[in-house]
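Given the structure of chain A, go ahead and fit chain B onto it with the hints provided.
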Amino acid sequence: MIRLVGGRLLWSLPLLLVLSALTFVLAWLTPGDAARTILGTNTDPVAYAQVRAQLGLDRPLVEQYWHWLTGLVRGDLGTSLFTAQPVTDIVQDRVAVTLSLLGLSALVIAVIGAAIGLFGAVRGGFVGRVVDGVSVLGMSVPAPWLGLLLVVVFAVNLAVFPVTGYVPFGEAPDQWALSLVLPVVCLSVGGIAVIARQVRGAMADVLGRPYIRALRANGMSTRSVVFRHAAKNAALPVVNVFGVVLIGLLGGSIVVEQLFALPGLGQLTVTATAQHDLPVLEGVVLCFTVLVVVVNLLTDLVSGRLTPRTVTS
Amino acid sequence: MRVLRAVARRPLGALCLGWLVLLVLACVAADWLAPYPPLGQDLAAVYSGPTGAHWLGTDQLGRDVLSRVLHGGRTSLLVVGLALVVHTVLGVLLGLVAGYRRGLLDRVLNRVNDLLLSAPAVVILLVVLAVFPHDEAAAMVTLGVLSSAGLARVVRASAIRVRDEPFVAAATVAGLGPARVLARHVLPAVAGPVVSLVSLVAGSALLVEASLGFLGLGVQPPEPSWGGLILDASQAIYRQPWLLVPTGGVVALTAVACALLGDVVRAATDDRVTGEQLSWRRMRTRVVPAAREPSERDAVLSVRGLTVRLADGTVVVDGVGFDVAAGQALGLVGESGCGKTMAVSGVLRLLPPGATVSATALSFAGQDLLGLSERAMGGVRGSGIGYIGQDPVAGLDPLFTVGDQLAETVRRHTRANRRITQARVVELLRAVHLPDPAAVMAKYPHELSGGMAQRVSIARALAGEPRLLIADEPTTALDVTVQAEVLDLLRELRDRTGMALVLVTHDWGVVADTCDTAVVMYAGQVVESTDVEQVFAAPRHPYTEALLAANPTAAEPKTRLPVLPGAVPPPGQWPTGCRFAPRCAFATDDCPSGPVESTSDETGVVFRCLHPRNPVGARR
Chain A
920 MIRLVGGRLL WSLPLLLVLS ALTFVLAWLT PGDAARTILG TNTDPVAYAQ VRAQLGLDRP
980 LVEQYWHWLT GLVRGDLGTS LFTAQPVTDI VQDRVAVTLS LLGLSALVIA VIGAAIGLFG
1040 AVRGGFVGRV VDGVSVLGMS VPAPWLGLLL VVVFAVNLAV FPVTGYVPFG EAPDQWALSL
1100 VLPVVCLSVG GIAVIARQVR GAMADVLGRP YIRALRANGM STRSVVFRHA AKNAALPVVN
1160 VFGVVLIGLL GGSIVVEQLF ALPGLGQLTV TATAQHDLPV LEGVVLCFTV LVVVVNLLTD
1220 LVSGRLTPRT VTS
Chain B
10 MRVLRAVARR PLGALCLGWL VLLVLACVAA DWLAPYPPLG QDLAAVYSGP TGAHWLGTDQ
70 LGRDVLSRVL HGGRTSLLVV GLALVVHTVL GVLLGLVAGY RRGLLDRVLN RVNDLLLSAP
130 AVVILLVVLA VFPHDEAAAM VTLGVLSSAG LARVVRASAI RVRDEPFVAA ATVAGLGPAR
190 VLARHVLPAV AGPVVSLVSL VAGSALLVEA SLGFLGLGVQ PPEPSWGGLI LDASQAIYRQ
250 PWLLVPTGGV VALTAVACAL LGDVVRAATD DRVTGEQLSW RRMRTRVVPA AREPSERDAV
310 LSVRGLTVRL ADGTVVVDGV GFDVAAGQAL GLVGESGCGK TMAVSGVLRL LPPGATVSAT
370 ALSFAGQDLL GLSERAMGGV RGSGIGYIGQ DPVAGLDPLF TVGDQLAETV RRHTRANRRI
430 TQARVVELLR AVHLPDPAAV MAKYPHELSG GMAQRVSIAR ALAGEPRLLI ADEPTTALDV
490 TVQAEVLDLL RELRDRTGMA LVLVTHDWGV VADTCDTAVV MYAGQVVEST DVEQVFAAPR
550 HPYTEALLAA NPTAAEPKTR LPVLPGAVPP PGQWPTGCRF APRCAFATDD CPSGPVESTS
610 DETGVVFRCL HPRNPVGARR
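Respectively, the protein sequence lines represent chains A and B.
Using my numbering, read the first sequence as starting at 920 and increasing by one per residue.
Using my numbering, read the second sequence as starting at 10 and increasing by one per residue.
Looking at chain A on its own, in the form it has when it is part of the complex (with noise of 0.2 Å):
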C-alpha cells in the first residue's frame, strides 16, 4: 500500500517537471513577453530594459526555471506580472470553487453514468439501444454549447437557476448549491455518457463469464448475480476510465467556469492564457498537475482493492 502510493507519488515527480519546463520553454521561445504586454504602447528601450530585469526576464532560461522550481520547494510561486500578487494566494481563492465544481461532477458522473449503464445491461434490446444512442449524444455535444442551451432553457427562460455568478459554501450554502446546478449538468453530461457506455460494455463483457453461468447454475439471485458479481468484476476496467473521464473534467470545467463565470482556476487560466501572465500560469498548471497526480493515485488505490491482493504482485 505505502509502497503503491510512494511508487505512484515518485512517477508522478517526471510529470510535475515536464510540464512545468515545458510551459517555461514554450514561453522563452515566443518573440513578445509580458514586459513588452506591460508596456504596451510606450516602446522606450530603457523602460523596457528595466521591466524585464524587474520581472527576471532578462535572465537565462534554465536560471528563471530554477529559480521558480526552488521557490516551489519553499511554497512560493512568484507573484502574478500584472496584480502583483502572490500567485499562491490567487490561486488560494480559486482552487475551493474548482474543487466544488469538479468534486459534484464526479459524483454525479460515478452515480448516473453507472446507474444508466446498469440499466442498459440489464434490459438490453430496445432500452439498451435507447442507451447507446443517448450516449453517442451525450458524448458528442459541444461542452459550451450545451451550458449555453440549459442557460436559455433553465436560467432565462424558467427562470429556476441564476444564469451566472458563484455563492461561497460559507455564505449560503442553498445558494451555492444552485449556483453550481447549470454548471455541473453541463461539465458532466460527456462523462456520464461515456462511463455508462463503458459499463454497459463491462457488464455486457462479464456477463458472458462462465462464472456467471455457473453463479445461475447455483439459483443465485438476479440482485446477487448482476448487481454484486458481474458489477464488482465489471467495475475494474471501468475505474480506468473514470479516472481518464476525471482528468478530461479539468479542461471541461475551463469552458464551464468561463461560461457561467465562475471564479474558479479555469477562469483564471483563460485570463493568465489571454494576459501572457507566466506565473500565474504555471501556478495554475501546477494546480491542475497536482489534481492528476491525486486522480491517478485515487484510481490505482481503488483498482488496487478490487484486485485481490495476490493478483497485482
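FYI, nobody ran anything at the bench for these hints, they're computed from the structure.
Any given hint might turn out to be false.
What the hints assert, rightly or not - Beta-carbon label-pair distances, calculated as ranges:
id	chain 1	residue 1	chain 2	residue 2	range
1	B	455	A	1142	17 to 27 Å
2	A	1156	B	602	51 to 61 Å
3	B	56	A	979	50 to 60 Å
Said to hold, decoys possible - Where chain A lies over chain B, by a calculated footprint (3+ residues, C-beta under 8 Å):
id	stretch
4	132 to 140
5	264 to 274
6	311 to 321
7	466 to 476
This one's a predicted model, so the numbers in the text were calculated from it and none came from an experiment.
Note that CB positions come from ideal geometry on N, CA and C, so glycine has one too.
Okay, now just chain B, sitting in the frame of chain A:
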C-alpha cells in the same frame, strides 16, 4: 478500402459517411456555395432569424450564418484534420515500432505514453495558446501529439497479436524485411482498430476546437470558425436564441457522425463484436410451448422431446428424451458437437443468449419444469438440480474468496445465520475431501489447482442438497490422476446422499466406472439408450459400436486403434435420413431416404437404426 466498403454497406455507416463527405465538400466549396461573403455585413438585417434570404438567419452584424458556418467549417475542419494527421502518423508509427521491435524502445515508449495519457490535454493546449496566441494550428498539432499515445497503445497491442501469427512468422522466414512485413501484413490487420479510434478522436478534436473557439482563444475574429460562431451566439442568447441552433448544431451533428462511424467501423472489422451487446434479459432462456406427453413418474428427472434452437434458429438438440431415477447415474455420451451440453443446458435453461428450449415433457421430482417462471426455475437450480461445469477455475468468480462464494451459496439455500453458514461451508469442504478447509476458504480461485477448484465447485453444487447433480465433462480439464479422484468423489457422494447423477462425457471409461445407464447422442439425437453392461457387451447402434471400438483405454495392446472416420456434421447440415449414415460402415441405400425412428428390442434397449448390430439371438 476494405474497411471503407464494409462501413458503406451498413445503413448507419453510409449515413454518417455521407454527412461527413457532404460537409467537407460543402466547406471546401464554400467560395462558390455560400450565398454571401463570410464577412459581408447587412446592418439592416441584424439578428434576423431564418428567412428566405438568410436560411439560417444572421448575426449581430447582419452577416449570413449559413455562409459563416460553411467558411468557418473550412478553418475548423482543416485544423481538426491537421490534428488527425499528426495523431494517426505518430500513433501508428510509434505503435508499430513498439509492438514489432519490443525491447527497451518499447518500454521507453510505454512510459512516455503513460505520461501523455495522464496529462490534462486542454490545460496544455491553453499553455500552447498562451505562447502562440490564436494559433489554432499549433494547438491542434499539440492535441494530435498528446492523443497519439492512445492510438499507439491500440496499434501496439494489435501489432503484437499479428506478429505472433504463423503467417507473419512465415513471411519473415521467407526473407521479407521488417518494413515490408509491417506494410503488407501488420498494417492491414491494424487498419480496423485504427480507423475506429481515429474516428472517435476526430469527434473529440472537433469538440476541443469548438471549446477553444468559444473561449476566444481560437481563430481571431472576424474570421469565422465553428467555436467562434458559438461564442457569437452566446452573446445573443437574450435577443436571438435561434443562433445557437445552427452554430452548435453543426458541431454536434458532425461529432455524432464521427462517434457513430467509429462504432460502425469497430463492428464491421472486429469479429469479437457480434450483433447485439449481451444483456441480462437476453440471457434468459425462453421456453417455447410444444405439444405435451406424459413423463415417467418414478424418475427424478424425466425428459421427452427436448429441442434446443440457437438464436439464429439452428436446431442443436432434436427431440432428446431420457429418465434418471433416484440414486442412479446416467452417462450422456457422444463426440464433441453432438449436443450433449446443449441438452443439459436446455433442461436447466442456461442456454447461450437468444437460444430457446421446448419439450413435450420435462419434469423434475414430479414438478413440471416447463411451466415454471424464470424466478421459480432459479429456485430449482442449485437446491433441486446441482450443476458443475467443464472448466472449474473459470466457473468461480475471480474477485471473491472460496469462502465468500460458498457462504453466499449456503445462505441462498438455507437462509442460515453466519455461524451456522460457516460451519456448513467447512462441512462441505470436508465432504469433498479438501484438507484444511480454513486455508482453502481464504484462497482466491486463481490460487487453486484444477482439481481443488473442481472440488470447490462440487462443494458449491452440493450446498443446496440437490436431488440431482448434472456434471458436464467434470474431468476433461483435469490431470489423469485427479480425474480418477474426482470421479471417486462423485460416486461416493451419490452413494451417501442418494442423489441422482447425470454425467456428460465422451470417455467410456468414466461411463463404465460410474454410470448405471448410458444415453448415446449423435447429431442432436439420442441414437441408443441402454444400461451400461448391455452397451459394452452388445451395442446395437453402429455409432455406439464404432465409438466403443475407438476407445483408447479399452484397446488391445499392440493393435491399431480403430478410428471413426469423418466428423459429426455441424448443426444445420444434418442429413435428412439417418444422420450417421454418411460415416456408417453398414449403411445401405434405404438409410438416407427418410428419418429413422427409435425402436426398442426385447431386452429394452432403445436405438435409432435400420440395421442394428448384435441381434439379440446371436449373442454369446
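Each hint tested on the structure:
1. B:455 x A:1142: 17 to 27 Å: Given a distance of about 26 Å, which is inside 17 to 27 Å, the answer is holds.
2. A:1156 x B:602: 51 to 61 Å: At 56 Å between Cβs, range holds.
3. B:56 x A:979: 50 to 60 Å: Check passed, 53 Å falls within 50 to 60 Å.
4. 132 to 140: With 9 residues in contact (Cβ-Cβ under 8 Å with chain A), the coverage given for the stretch 132 to 140 of chain B holds.
5. 264 to 274: The restraint on the stretch 264 to 274 of chain B holds, since 6 of its residues have a Cβ under 8 Å from chain A and three suffice.
6. 311 to 321: Our answer is that it is violated, as 0 residues pass the Cβ test (under 8 Å) against chain A, missing three.
7. 466 to 476: Our answer is that it holds, as 5 residues pass the Cβ test (under 8 Å) against chain A, meeting three.
Violated hint for the displayed structure: number 6, the only one.
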